[in-house]
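Number of protein chains: 2
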Amino acid sequence: MAEKIRIGIVGHGNLGRGVERAIGKTADMRLVGIYTRRPPETLTPLDAETPVFGMADLPAHTDRIDVLILCGGSKEDLPKQGPELAGLFNTVDSFDTHARIPEYFASMDAPARAAQRTALVSAGWDPGMFSINRILGEALLPDGATYTFWGDGLSQGHSDAVRRVPGVAGAVQYTRPIKAAVDRVRSGERPVFTTREQHLRECYVVLEEGADADKVREAIVTMPHYFDAYDTTVNFITAEELARDHQAMVHGGFVIRSGNTSDENTQVIEYGLRLNSNPEFTSSVLVAYARATHRLNAMGQHGAFTVFDVAPGLLSQKSPEQLRAEQL
Amino acid sequence: MAEKIRIGIVGHGNLGRGVERAIGKTADMRLVGIYTRRPPETLTPLDAETPVFGMADLPAHTDRIDVLILCGGSKEDLPKQGPELAGLFNTVDSFDTHARIPEYFASMDAPARAAQRTALVSAGWDPGMFSINRILGEALLPDGATYTFWGDGLSQGHSDAVRRVPGVAGAVQYTRPIKAAVDRVRSGERPVFTTREQHLRECYVVLEEGADADKVREAIVTMPHYFDAYDTTVNFITAEELARDHQAMVHGGFVIRSGNTSDENTQVIEYGLRLNSNPEFTSSVLVAYARATHRLNAMGQHGAFTVFDVAPGLLSQKSPEQLRAEQL
Numbered sequence: 001m002a003e004k005i006r007i008g009i010v011g012h013g014n015l016g017r018g019v020e021r022a023i024g025k026t027a028d029m030r031l032v033g034i035y036t037r038r039p040p041e042t043l044t045p046l047d048a049e050t051p052v053f054g055m056a057d058l059p060a061h062t063d064r065i066d067v068l069i070l071c072g073g074s075k076e077d078l079p080k081q082g083p084e085l086a087g088l089f090n091t092v093d094s095f096d097t098h099a100r101i102p103e104y105f106a107s108m109d110a111p112a113r114a115a116q117r118t119a120l121v122s123a124g125w126d127p128g129m130f131s132i133n134r135i136l137g138e139a140l141l142p143d144g145a146t147y148t149f150w151g152d153g154l155s156q157g158h159s160d161a162v163r164r165v166p167g168v169a170g171a172v173q174y175t176r177p178i179k180a181a182v183d184r185v186r187s188g189e190r191p192v193f194t195t196r197e198q199h200l201r202e203c204y205v206v207l208e209e210g211a212d213a214d215k216v217r218e219a220i221v222t223m224p225h226y227f228d229a230y231d232t233t234v235n236f237i238t239a240e241e242l243a244r245d246h247q248a249m250v251h252g253g254f255v256i257r258s259g260n261t262s263d264e265n266t267q268v269i270e271y272g273l274r275l276n277s278n279p280e281f282t283s284s285v286l287v288a289y290a291r292a293t294h295r296l297n298a299m300g301q302h303g304a305f306t307v308f309d310v311a312p313g314l315l316s317q318k319s320p321e322q323l324r325a326e327q328l
Numbered sequence: 001m002a003e004k005i006r007i008g009i010v011g012h013g014n015l016g017r018g019v020e021r022a023i024g025k026t027a028d029m030r031l032v033g034i035y036t037r038r039p040p041e042t043l044t045p046l047d048a049e050t051p052v053f054g055m056a057d058l059p060a061h062t063d064r065i066d067v068l069i070l071c072g073g074s075k076e077d078l079p080k081q082g083p084e085l086a087g088l089f090n091t092v093d094s095f096d097t098h099a100r101i102p103e104y105f106a107s108m109d110a111p112a113r114a115a116q117r118t119a120l121v122s123a124g125w126d127p128g129m130f131s132i133n134r135i136l137g138e139a140l141l142p143d144g145a146t147y148t149f150w151g152d153g154l155s156q157g158h159s160d161a162v163r164r165v166p167g168v169a170g171a172v173q174y175t176r177p178i179k180a181a182v183d184r185v186r187s188g189e190r191p192v193f194t195t196r197e198q199h200l201r202e203c204y205v206v207l208e209e210g211a212d213a214d215k216v217r218e219a220i221v222t223m224p225h226y227f228d229a230y231d232t233t234v235n236f237i238t239a240e241e242l243a244r245d246h247q248a249m250v251h252g253g254f255v256i257r258s259g260n261t262s263d264e265n266t267q268v269i270e271y272g273l274r275l276n277s278n279p280e281f282t283s284s285v286l287v288a289y290a291r292a293t294h295r296l297n298a299m300g301q302h303g304a305f306t307v308f309d310v311a312p313g314l315l316s317q318k319s320p321e322q323l324r325a326e327q328l
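Protein chains in written order, with our numbering: chain F, 1 to 328; chain P, 1 to 328.
Hints listed in this document are in silico derivations from the structure and should not be mistaken for laboratory results.
Only true hints are included.
For chains that are exact copies, the list does not tell them apart, and a pair is met inside one copy or across any two.
Capping the alpha-carbon separation at 20 Å, the derived lysine to aspartate or glutamate pairs in DMTMM-like fashion look like this:
| id | residue 1 | residue 2 |
| --- | --- | --- |
| 1 | Lys25 | Asp263 |
| 2 | Lys318 | Asp143 |
| 3 | Lys25 | Glu264 |
| 4 | Lys75 | Asp160 |
| 5 | Lys25 | Asp143 |
| 6 | Lys4 | Asp47 |
It should be emphasised that the depicted structure is a prediction, and the values quoted were computed from it without experimental measurement.
All chains should be modelled from the sequences, with the hints used to inform the complete structure.
In C-alpha cells, the structure reads:
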C-alpha cells in the first residue's frame with residue numbers, strides 16, 4: 001500500500017465537517033489537520049485526536065499536506081483565501097457562483113502555476129457532477145436539448161432571502177421540480193419551458209410576533225429574481241415545527257439530455273441525485289477530487305483545473321489495471 | 001474554425017451506419033471513407049458521395065484519416081483487425097467482451113505505442129458510460145453498493161441463443177429489470193439479490209412448422225447460463241407479428257450507487273439510459289470518443305486508453321474556456 005494522501009481542511013462549517021466524515025470512509029487518505037479562523041481550542045473535531053490550527057500556521061505546514069480542501073463560502077471566503085493558498089498547496093474547493101467561475105479560475109491558475117501546484121476549482125454536484133453530465137449529454141447527443149431540474153430540496157440561498165423579509169422569524173424554502181414537466185422531458189420531447197413551468201417554490205415560515213401574514217406572503221411571492229417568476233406557496237408554521245420538521249438538508253435533482261441520433265430514434269440520458277445531506281455529499285465529491293488533484297500534481301499538471309479536466313479513473317482508489325479488469 | 005477531424009469507418013453493419021449518422025450530427029468532423037471486406041461497390045453509404053474502399057486500401061490511407069472507427073464485432077473482427085490497425089491509425093472501438101478487455105487492451109497498446117498512435121478501446125454504453133458511472137459512484141460514495149440494471153431492452157446475445165434452439169424459426173428476447181428490486185435500491189437500501197430477483201427474461205418465438213411448443217419452451221427456460229437462473233416467459237407468435245412488432249433495437253438500463261456519508265445520511269446516485277436504438281447510441285458514443293482520441297494523440301498521449309482515462313471536456317465540441325463560462 002502506498003503512503004496515504006495527507007489532507008488538510010480549511011474551515012469547519014457543514015462542508016468541513018462533511019470532509020472529516022468523507023476522509024474516514026476512504027482507505028488511502030488521512031486527515032492531518034483542520035485550519036480555522038476561530039480560536040483553535042473552540043473547535044471540536046469529529047476525532048478528538050485531529051490537530052486544530054489557526055490559519056496563520058498554514059505557511060509553515062506546506063510539507064505536511066498533499067492536498068488542502070477549502071471549505072469556505074464562495075461569497076466571502078474563497079475569492080480571498082483561494083488565490084493565497086493556491087500558491088502554497090494543492091487545493092480543492094467548491095466555488096459555486098456560476099457567473100464568476102472564469103474569474104475565480106484565472107485567480108487560482110496564476111499562483112498555482114507559478115508554484116507548480118494544482119488547484120481544482122468548483123467541485124461538488126452543481127457545479128460539479130451535474131456539469132459533467134451536461135457536457136457529456138451534449139457530446140453524445142449533439143442534436144438534442146438539456147434540462148436541469150433541482151429538488152426536491154432545501155435551497156439555502158432562497159431560505160436566506162425569505163428570512164430577510166420583515167416580519168419573518170425563521171424560514172426554509174424547498175425547490176420542487178414540476179412532475180408534468182419532468183415527464184415531458186423524459187418522454188424524449190424537447191419542450192421549451194418558462195421558469196414557472198419547471199419548478200415550484202414552497203416556503204415554511206415562522207412569523208415574528210404581531211407580523212401580518214398576508215403582507216409577509218405578498219413580500220415573498222413578489223420578490224424579484226428569487227420568487228416572482230415562480231408559483232410560490234407560503235405555509236406558516238410554529239418555531240417548534242420548523243425545528244422539528246425542517247432541519248434536514250435534503251437536496252438533489254437531475255440532468256436530462258434527450259436527443260435524436262436519426263429522425264426515427266430518440267435517446268434519453270438521465271443523471272439523478274437524491275441526497276439526504278447536501279453538504280455531506282458535496283464533501284464526498286471534494287474528497288474524491290482531492291485524490292485526483294494529488295495525482296494530477298504528481299503527473300506534472302500544474303495550474304487550475306475543473307471537473308471537466310479530470311479523467312474518471314483519477315477519482316478511484318483502484319489502479320487503472322484493476323479498473324479495466326473489474327469495472328469496465 | 002479549425003480543420004475538421006477526418007474520420008474513417010471500418011465495417012458497415014448497424015454500428016457503422018450509426019457512425020455515419022452520428023458524424024452528420026457534428027460540426028467538427030467529416031467522414032472521409034468507409035472500409036469494408038465486402039466488394040466496395042455492393043455497399044450503399046447514407047450519403048452517396050462517401051467513398052467506399054476495400055480493407056486492402058487502408059495502409060495507403062494513413063495520411064487521409066485522423067481517427068479510424070472500428071465497427072466490427074468483438075468476437076471475430078476486433079481481436080484480429082484492432083491490433084493490425086492500431087499500428088497505422090488512431091482508433092476507437094466498442095470491444096465489449098468484458099472478461100477479455102485486459103488482453104485486448106494489451107494487444108492494442110503495444111502497436112499503438114510503437115507507432116505513436118492512440119487507441120481508445122471499449123467505448124459504448126456498457127462497457128462505456130455505465131462503467132464510468134460505476135467507478136464514479138464508488139469514488140464518491142465509498143461506503144455503498146452499486147447496482148446495474150439492464151432493460152427494458154432487446155438483448156442480441158440472448159435472442160441469438162433462442163434462435164439456436166431446435167424448432168425455433170425466429171425469436172427475440174427482452175431483458176426487463178424487476179420493479180420491486182429497482183425500488184428497493186432507489187430507496188437507499190443495499191439489498192443482496194439473486195440473479196432471478198433483479199431481471200426477467202421474456203422471449204417472443206416463432207415456431208418452425210410442426211415443432212413442439214412445450215419442448216421448445218422447456219429447452220429455452222432451462223438453457224444453462226442464458227436462462228436457467230432467471231424467470232423466463234416464452235410467448236409464441238407468428239412470423240408476421242415478429243416482423244411487425246419486434247424490430248426496434250430498444251435498450252437501456254441504469255446504474256445506481258447508494259451509500260452513506262454518515263450513519264444518518266444515505267445518498268443515491270442514478271444514471272439511466274432509455275434508448276430507442278441501441279446501435280445508434282453506441283455509434284454516437286464512438287464518435288464523441290473519436291474527438292477525444294484525436295485530441296489525446298495531439299497531446300502526445302500514445303498507446304491504448306479506455307473511457308476511464310478520458311477527461312469529460314475532451315469529448316466536447318466546445319473549448320475549455322467556453323465550457324467553464326457556460327456549462328460549469
